[in-house]
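Use the sequences and the hints to build the structure in full.
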Amino acid sequence: MKNKQCVAMLLAGGQGSRLGVLTGKLAKPAVPYGGKYRIIDFPLSNCIHSGIDTVGILTQYKPLELNDYIGSGKPWDLDRSNGGVHILAPYQGKEGGDWYKGTANAIYQNLGFIKRYNPECVLILSGDHIYKMDYSKMIEFHKQSGADCTISVMEVPLDEASRFGIMHVASDDRITKFEEKPKEPKSNLASMGVYVFSFNMLEKYLSEDENNQNSSNDFGKDIIPAMLKAGEKLVAYRFSDYWKDVGTVDSLWEANLDLLNPKIHLNLSDPKWKIYSRTSELPPQYIGKTAKVENSLITAGCDIAGNIDYSIIFENVTVEQGATVEYSVIMPGAVIKKGATVRYSIVAQNTVVGEGATVGEEPDYNDAHEWGITVVGEGVKVKNNAVIGAKQMLRKEEDGETV
Amino acid sequence: MKNKQCVAMLLAGGQGSRLGVLTGKLAKPAVPYGGKYRIIDFPLSNCIHSGIDTVGILTQYKPLELNDYIGSGKPWDLDRSNGGVHILAPYQGKEGGDWYKGTANAIYQNLGFIKRYNPECVLILSGDHIYKMDYSKMIEFHKQSGADCTISVMEVPLDEASRFGIMHVASDDRITKFEEKPKEPKSNLASMGVYVFSFNMLEKYLSEDENNQNSSNDFGKDIIPAMLKAGEKLVAYRFSDYWKDVGTVDSLWEANLDLLNPKIHLNLSDPKWKIYSRTSELPPQYIGKTAKVENSLITAGCDIAGNIDYSIIFENVTVEQGATVEYSVIMPGAVIKKGATVRYSIVAQNTVVGEGATVGEEPDYNDAHEWGITVVGEGVKVKNNAVIGAKQMLRKEEDGETV
Amino acid sequence: MIYSKTAGIIFSNSNDKALKEFTANRSMASLPFAGRYRLIDFAISNLVNAGIQNVGVITNRNYNSLLDHLGSGLFWDLDRKSGGLSIVPPFIGGNSKTDDELDCILRAIEYIKRRNCEYVVACESGFVANLDIKKIVEAHIEKKADVTLVYREAERPDKFAGTLKLKVDKDEKVASAENALLSKTGGKLTIGVHVFTRSAFNDILSTALNSENPAISEIISEKTGKYRVYGYEHKGFVGVIDSRKSYFETGMELLDKEVRDDLFNKERPIYTKTKDDMPTRYGLYSDVSNSIIADGCIIDGTVKNSVLFRGVRVKRGAVVENCILMQGVEVRENSTLKYVTSDKNAVIGGKAPITGTNRKAFIVKKNQVLTD
Amino acid sequence: MIYSKTAGIIFSNSNDKALKEFTANRSMASLPFAGRYRLIDFAISNLVNAGIQNVGVITNRNYNSLLDHLGSGLFWDLDRKSGGLSIVPPFIGGNSKTDDELDCILRAIEYIKRRNCEYVVACESGFVANLDIKKIVEAHIEKKADVTLVYREAERPDKFAGTLKLKVDKDEKVASAENALLSKTGGKLTIGVHVFTRSAFNDILSTALNSENPAISEIISEKTGKYRVYGYEHKGFVGVIDSRKSYFETGMELLDKEVRDDLFNKERPIYTKTKDDMPTRYGLYSDVSNSIIADGCIIDGTVKNSVLFRGVRVKRGAVVENCILMQGVEVRENSTLKYVTSDKNAVIGGKAPITGTNRKAFIVKKNQVLTD
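Chains as they are written, first to last, in our numbering: chain A, 1 to 403; chain B, 404 to 806; chain C, 807 to 1178; chain D, 1179 to 1550.
No lab work stands behind these hints, which were simulated from the structure alone. Predicted, not measured: the structure shown is a model, and the values here were computed from it. A few of these clues could be false.
[To be verified] A short, non-exhaustive set of chain C residues, derived as facing chain A with CB atoms under 7 Å: (1) R842; (2) F1070; (3) T1086; (4) R1087; (5) L1090; (6) A1100.
By construction, the Cβ of each residue, glycine as well, lies at the ideal position given by its N, Cα and C atoms.
As structure tokens, this is what we get:
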């Protein structure tokens, strides 16, 4: 193997339980987004555009569909003779094997993979964020500042800071303190979950962490605090473009609809920074005589005869005459039957919303606490004329029952 | 996914402990063979030549090098948009995950993978046999005979039969009884570890086996006996070409040297049935002025100045002037220094045999019990003038000590 | 298994002349069609969907765009170790049209010589159809035919030189095959997809090589008695692109759901080179009906009864009706286009409406800027 | 990072005429060399080893074998989504040699126009060397050169039309660059690898397009004063294949360990299309010394001071000395070959020895059967 300046390790093993039925059969990074993408398309496309051609993807939860999606890495130009994309599942050695115990342990178990490329630094990424970022600039910053670890951060409103890992920095942006979801945050610099480590430091702290029986083997909870305590140089790298964690149903819905908001700058078709994805062979979409389509994204293979407004429609979706889809995300292969109404909902793959059914409700701002996005899980068949209220989550039963 | 007539599942998860130091860092199917191949090249090449383009490889032990070796499957023409080669490692679902408990359990855990292709039948293969076989003929035989399971068998000398799984058959080759390594064999039909199952039967018996707490979840020990007991139709498919289990050091050595035996028909360069492998970029071999080479296979990148007889020399091997290699297998990157002698040995990757050292001994037929092939493990450095006797197995110590 | 015994040949330049507005710098095979395809995608996909893994594309002139489109054959799963997609470029170019034709036939013979196949499916490039080649080859084998000619029932003959008008008996055996140009009425017309047994292929092509008019169809027509020639009717949709009029009409036929369902049969998908386009973005002012729209478009105007290729932009207030707009065309604000066929990357729009007619679409050339 | 700012161009037909025995049906770039390579492998690998990911190969005549060799660029890791390896085939063939040369230059300009690069490394096809292109481009940037000409110190000029003989100052700035053919003595001779800044590349090639003698070297020679032209000496091995004599001699130089170690530098491997050959099989009667042997050979005779390509068979009792035998050559039982250079797949052998001399190797043509 030829040496690589930087190897990226993408943590894709989480169960994503806050996405509920959407991750029933799928690892979170494989969840569809934006009409034709999967979440993982973003870090992978960022890597290749940043000149990083060696990426390890750490999987352990429901990896089959994700593995197939990644395949040889061709769609992201990551099929390389030297380097390229590698799926790293837990494995057994002479003394048996371990599942990945935490984010840090997952990387620890694959230090052998990283060592083969003898990199100067390692980029740690997550599989659940939507953003476009030139990692090469961050790596350059890491080298220039002589840091042991560089953490990308962005400013968030102080009243939202308690949802994030929060950095305190000195005037030179050197990190002085890290708090995981502080109750009373004193800084508004949130970690984006993107780290650059000098490889020797990463190896040292992962090994120490592994020997610490009390550790939860997590980057945020264990590795970063240990490095700070030992006085290593950790530096914040500021990022100010679009970035969104899509770990919850609401944030996934929001991130989709952000694509329709002209004020939000997330251009997926910039020829210099395209977001690549694996696509299937489908004829172009057909917009029928009775259709009315406004302010929406619609994808190949769709057959639209109904009304679509402010929605993201994935490939192969059928919306029949008289049906209405508003403020919703309709994933591949769904069928919205005649006269049905879908609002403020995420409708997963291969579902059917029966004739005249109503799914989702618009927000009632007097009772915002009770309101929420409705999710129709993969393969669910909603009966004709059924009424499904706000914040419902419909799961397909084993026997294929309809609801 | 388009339907496939047959999906192959290749069991590559075994630890291969009988190969000792040769599988210290490697899964058995990744062990080098024949000057430029790995064992797994044989079943994979057989698959593609038999028209089977969908192969699941079940791994769990030290899979890193094997995964890299397989990659996208390109060298075997198994990089396909629909089908192709897939590495199937154990994974976690909602309720946690399990390592593969046995060969049958490994397939059971991946029934979901098979189902996507909706095949008529499933071909079960092992990753530790050297043979060329047209599986399409066996599958055709399976269909013609209306069997639920077809097991390929070959005749072995009766006095060796106790090393194999032995089939008893009626006159129509229907299997009546199966004995795993019988002490007093009454039949000489040995199972080659190649099975064709009708998919519905495979699914049924794997599911039943999974619910049986007492099962060891093994094809030979559990599934086949259960099917026989239930009166299913199991048929033997006779094979009479070259086939060798390379599960032990001696058999691996023998199988290598078989390539030099003109009486043994195993042509690796038949243009109609080439054995494909992933190769690295190396210049041609150079045979020097002082070299003497007879009855051997030598591969790209070698620099030979010594004497080679009856040996298999892998790529990038250096044999210095005055060194002698006889009846041996020298794996990639090994260096045999001036005046050293290597006989009846397997010398693994990236080893150094020091000047004047002697490794291995010729058989003493009076004491054949004590004699055996010597193995120098990966990375071992044998000191100058050291004398290493027969049947030794040298392992590299963690601190890189020489022996 | 048919797939391993059959090879495919595609003549990529056949009938280039029929549509010279769009084939000045591309072959017929690389003519864009149906929003995201090129004509050759239909021929290759038909072959691949029958399991055929050896496809030779005989190129002649203007094949840069075709090379770029086909690449290594990856998108058709034909980037294979042995076989797969082969581009068969010309030997040193000839001096005349006849030289070129001879060279194509010679290369087709050479290509097949190196394949280990019993049957050859040879395709011209002027048609659009989703053919079940597997069934056609099976019928060829069952009837022990030397040649099987795929045909359609049509009311009018197309304008291709190579089209044959067949008379067949009850068993589909061809009694006569005449140059369809000599006839003014329709009937059973070949579509340029022929199945040959290997020996008949060699025989017929070698005969063509040595005859004054080096056309395969000519030889088949002359020698119908000598070989076992059968017909095979394709009952599904066949689009024949033999003029700019038929290009426009065939494009418009796609607005019919039955035509789309037949052509984009889910069991036999049509493969093409994929690009990384976004989904199509419909703006606040978009008003689209009865149209085929490829991905990557941005539409904020009115689009009716039209076919829009990848990356077309229709600005606010623009009206596009009965148009075929190829990749990357930009329609300016408040302009009106009716019955326009535009080649790639044109910029169109202005105060005066740009209109063709049902019988004669207005043509805009590649990269043309047509504004006022 | 240099790699993203630099594109490579390879002229695959340069100096085809120099070696017409072996380039009647192939380009210079696809000439087999060193047991398993073709000349172009050295140029492409040099570019790829510097991290360059955009390589255009300008083809002209006889490029079928080259197309087959290069495929999608997979073996050089150049089968990329954007960029990677591009074959740039001729537009419609010209009528004269000058037309062809103009067409090549025009296509080189067009290729670079579409790349987003600041530097261009242009390579001719007649040389064999393992160059550190990264260092050469770095030197070019550091010196703020417009053009950097890679040269070697040589005793005699080669016979290539485009070779320049340089005079350089202490800082390697070129004072004069003259057509080396006009000089009978050696010196600092270019090897056909030039680095250009983008603007100089366009300037010089456009000037060539409009001049009577459309040769890039000619323009550089004339305009040395106008541009910042620097030399860069490659001190490692350079083989120049300008005649059948030099082909033979350069092949034999590989028997020198120092030459091999330099050319097959482990840090910068030479990539080529891989085949699935077995290891080479040495029989009971083999006697081999001082020879380069590719995989897939079967040797049961005597081989000395020779280069054997993939799949050569030397039967029992045969003697092969000072020979270069290309892929698939078969040497019959008990025959003797001395100073023979054989093209692919020949069958050689008989009672009488077949011998050339040190100065003039005996040539056997592709597929020739030379037995008695």
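Tested hints:
no. : hint  : result
1   : R842  : holds, 6 Å
2   : F1070 : holds, 4 Å
3   : T1086 : holds, 5 Å
4   : R1087 : holds, 6 Å
5   : L1090 : holds, 5 Å
6   : A1100 : holds, 4 Å
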